[in-house]
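S.K.: Residues per chain are reported as follows:
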Amino acid sequence: MVSINELKRINSYEWEIPQSYRADMQVPVRIFASEELLKGVTRDKSLEQAVNACSLPGLVGSVMVMPDMHQGYGFPIGGVAATIYPQGVISPGGIGYDINCGVRLLGSRLSYQEIKPYLDELATALNQFCPSGVGKSGHFRLSTREVEDVCRDGSRWAKKKGYASDQDLRRTEEGGRIQGADPHYLSPRALKRGTNQVGSLGAGNHFIEIDLVAEIYDHQAAQVMGLREGDLALQIHCGSRGLGHQVCSDYVKSLQGAVHRYGIELPDRALVCAPLESPEGEAYLSAMGCAANYAFANRQVLSHYAREAFESVLAGKVSDWHLFQVYDVAHNIGKIETHQIGGKSTQVCVHRKGATRAFGPGADDLPSEYKKIGQPVLVPGSMGTSSWVLRGTEEAMERSLGSCCHGAGRVMSRTQAKKSIRGEDLRKQLNNDGIYIRAGSMAGLAEEAPAAYKDVDLVVDTVIGAGIAAKVARLKPLVVIKG
Amino acid sequence: MIENKRAGFEELEHTADLEIQVWGEDLDSLFRQSAAGMIQLSGVEGLVEGISSVQQNISLEAMDYEGLLILFLEELLYRLTEDYMVYEIQELSVSSEYTLKARLTGAQIKSYQRDIKAVTYHNLNIRTTADGYEVNIVFDI
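Residue numbers (the working numbering), protein chains in the order written: chain A, 1 to 483; chain B, 1 to 141.
If you are wondering where the hints come from, they were derived from the structure by calculation, not from laboratory data. Accuracy of the hints is not assured; some may be wrong.
Listed below are the simulated DSSO-like cross-link pairs for lysine-lysine, each with C-alpha atoms no more than 27 Å apart in a straight line [to be verified]: (1) A:476 x A:418; (2) B:5 x A:253; (3) A:418 x B:110.
When you get a sec, could you build the whole thing from the sequences and use the hints?
M.R.: Here it is, written out as structure tokens:
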């Protein structure tokens, strides 16, 4: 276990595990955390896992971990690692099983005061229109060929089917479609698992939430994003469902052989990888793109249902119930990006596992309005606590490869959470706080209790302190739908 | 849950995912217990009545025992999540050439409580002990 006194303090928010810490490290570990958060982190294996990730061939800069980090499998959650393209490797475990798990934020012109009487009804409607829960399917079944279309075209598929607007696509990372995604690289099982889950939330920590825009910190940026204090917003957190899990499982398995073929030695088999330019690496990159596109389409279709739910409750009662896209961003993904590394423009494969892209002003891939202010960075809190809208900064481009935290980050195991918190009590407590809950299971609810997570405000203060993001708005939950 | 001293499984604490420790007197028993542990974690509920049990033979091959264990668990997980089927293991044998043959009897279930996304390779290492074999398995959920 890595202890605090083995870390080199860079400043109040940054720490380093030097490359000399272990012989197989190719680069150091850079930790973004306040001293307080760091104390919690050293209780689990996150830092040890970050050190393990430093053994991947072709890494550049450092392996970074965000303040919401926690122990995962292979890579820690909250990890960011870049490998040189195309000589370096790509590691499916550095991206995760839920490929393109991500968050979408929709804004509205609905004032909280006006909508307050309808919140309970909206909770019920969202729960009915947006399928959620363990093993739950979406509203329709696709043929294998249609699943292939979804994988190739992502949100563009959704637009063709009438589930998306141009603005939705413009305000989605990569326009909601990763290029080079070839379904030919998917197994029959992955495709089969994709047939009935487009437009489904799933379970675990995935959610749909109606929020109040509680406080604005950057009026200019909030205006560009369309966020106004006192209005409602909606967040959707989910990913690529069974198709994505299958893609990761398939490639973690097939790459076990590749590491032998390429003579790569790793401290943990969950880190298996292949050179980006090898047939195995190219196949995974393409399959990952398919799963990422599936996830973009999934969140897009769920947005469509959420809009229908709002219409069903509010039509005739208010004049404008439209939910407009603020942004949609992935937090489990591998991307080929160009960054300035050591003063040189360098193409790298950035693995973000439980870390959000946070591009600063002027970056490519941002729609014109966000080129001025930087990319919206969506940081959902734990259930019942605040969520944050941040924006990427120039410093993030220089110091964290345009990356930031992705949420609060767990501190308590699920078993411990269930022992100490009863789902029913939690629901009552949240109700007393004025939050409407719809949950598939009470045990599942207890596992996601706020006490099982870090304080998201401290996490956000750390990334702000480190300069890799700037505050735009704080959101307060009003309705929570959980699978 | 501890079945007996020589074969069983137990859930361990893990910050975000699920981990079980499994032990068995031989590899066959270790594989059986691993399957039982995973199915328990998924929280299977109620058999669908009137659906007769289905016989199924599976045959798997891997490069090592750990790879074989993952293949076996993934196979059962896929059938659980896609087909809502759980299986009783009638016969199971693991060979030293890293192959597995099993005869299973399956039954359809109504639901399960937890989506297990995957069986991970994280620190997966089948160890020999004084009483047989032992392994820790981390599931991504």
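S.K.: Would you mind marking each hint as holding or not holding in the structure?
M.R.: The hints, checked one at a time:
1. Restraint check: the Cα-Cα separation between residue 476 of chain A and residue 418 of chain A comes to about 25 Å, which is no more than 27 Å; the hinted pair holds.
2. A threshold of 27 Å between alpha carbons decides the hint, and for residue 5 of chain B with residue 253 of chain A the separation of about 32 Å lies outside it, so the pair is violated.
3. With a CA separation close to 24 Å, the supplied pair residue 418 of chain A and residue 110 of chain B stays within the 27 Å bound.
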